[in-house]
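*Asks:* Chain residues, written in single-letter form:
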Amino acid sequence: MQGPTSTRFRSVLVLCAVLLTGAYIAMKREVAVGVSSTGGNSAALTQRTGEQATGEQLQERERMALLQSKVAALESDLTALRSDHEARSVHGNAEASDQDAPGRSSQLTAVQTPEQRDEEEARIFGQIGQRFATQPVDAAWSTAMTALINEQLRAQSLEQSSVEKVECRSSLCRIEVTPRDGADLAVIRDSFRFHLANVMGSGASKRDETGRFIIYLATDVQALGMGGSP
Amino acid sequence: MKTSVWSVCLLSLGSMLFASESSATTYAGQSCNSSSAGVSLSYSDFGATNSSSSGISISCPLTRVKDGGTNSVSAVIYFVNDGKTKTCFLDNFSIDTGGLGVWTSVSGVSRMVFPTLSTTLQWQPLTLNCSLPAGSKVNGYFLAES
Chain Z
1 MQGPTSTRFR
11 SVLVLCAVLL
21 TGAYIAMKRE
31 VAVGVSSTGG
41 NSAALTQRTG
51 EQATGEQLQE
61 RERMALLQSK
71 VAALESDLTA
81 LRSDHEARSV
91 HGNAEASDQD
101 APGRSSQLTA
111 VQTPEQRDEE
121 EARIFGQIGQ
131 RFATQPVDAA
141 WSTAMTALIN
151 EQLRAQSLEQ
161 SSVEKVECRS
171 SLCRIEVTPR
181 DGADLAVIRD
191 SFRFHLANVM
201 GSGASKRDET
211 GRFIIYLATD
221 VQALGMGGSP
Chain G
1 MKTSVWSVCL
11 LSLGSMLFAS
21 ESSATTYAGQ
31 SCNSSSAGVS
41 LSYSDFGATN
51 SSSSGISISC
61 PLTRVKDGGT
71 NSVSAVIYFV
81 NDGKTKTCFL
91 DNFSIDTGGL
101 GVWTSVSGVS
111 RMVFPTLSTT
121 LQWQPLTLNC
131 SLPAGSKVNG
141 YFLAES
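The listed protein sequences correspond, in order, to chains Z and G. At position 211 of the first sequence (counting the first as 1) the number is 211 in this note's numbering, and the numbers step up by one without a gap. At position 58 of the second sequence (counting the first as 1) the number is 58 in this note's numbering, and the numbers step up by one without a gap.
Don't read these hints as lab results, they were simulated from the structure. Among the hints, a few may not be true.
[Unchecked claim] Heads up, incomplete: computed chain G residues facing chain Z, CB under 7 Å, no partners named:
hint : residue
1    : G101
2    : S118
3    : W123
4    : P125
Here the structure is a predicted model, which is why all the values come from computation and not from measurement. Even for Gly, the Cβ is constructed at its ideal location relative to N, Cα and C.
Next comes chain Z alone, as it looks inside the complex (with noise of 0.2 Å):
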């Protein structure tokens, strides 16, 4: 698949060979014309000492020197960012296959139905909980986390459900909720998360299949496995 990218990168990769073709000649061009002038003007040169002559040759061999030194750095830069760029072009395609496997809706495209809105959520959710599951445990973080979330709901006193576990590993929260029929779901979440968001300003919410509502609470997004560059 031809993405518009790989489309601007050929068109700029074959205006950069012509660039560089048109600048090598004309720099090859230019100093064969200093080299004829030089030779040609032989009334000129026999005004000038061998030592001049010979000093200007020098400088011309050394900006000829320098300029295909410079044209090797960069047709060594180019090669790199060819390189890279491939790199990144099999990278991408290897991922897009394997979000296309079956079972697997692609990141790349639209979930259309519902069937795959769940399908993709509960794998998403099931890549947290599994985060979460093979997590080592932090005992004095483990210990204050708990101790913090077991405060706020003290504070907060949930009418509406019931607090079934808190689990904390090093960077990670699980909360397991009953909540009661027509709870509010997000009144729920709030509670938690407004008031531990300096500690874990980040987290994820969801029912499972039990009806239970799980909330992981992290200390940030790359902890949930949702962070990156914009």
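Once you've looked at the hints, dock chain G against the given chain Z.
*Replies:* Coordinates of chain G only, in the frame set by chain Z:
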């Protein structure tokens, strides 16, 4: 001259390689609404003010331009610098459904930059939900999608 040609070439290549199609939308603070029962915001030039005597919650909707995929999003929100701390959440979910929702938050006084959410659910709305202390004013906010 030649160096310039090389520079232009390399810069063009670099920008083509690393630049991605992104969009940015700025919203006026007047787009925000109070989400606290019985309290309304006072709308005026350059934003909306909590004229009540107590802190309230506000909700500021965001509209995606690039809604075809799970693109990453980032946001910035601006308040009048009144020395009072506000906490804001960049929410990506519709809580009513009990479906998956993700959020990230920031606290600050005037200008608050949210961490980027790299995985987003394009079928769920994006909203900024903030605490707004008494007398505080929201000026505007900004959504960047990539």
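*Asks:* To test your reading of the hints: which numbers does this structure violate?
*Replies:* When the structure is compared with the hints, only number 4 turns out to be violated.
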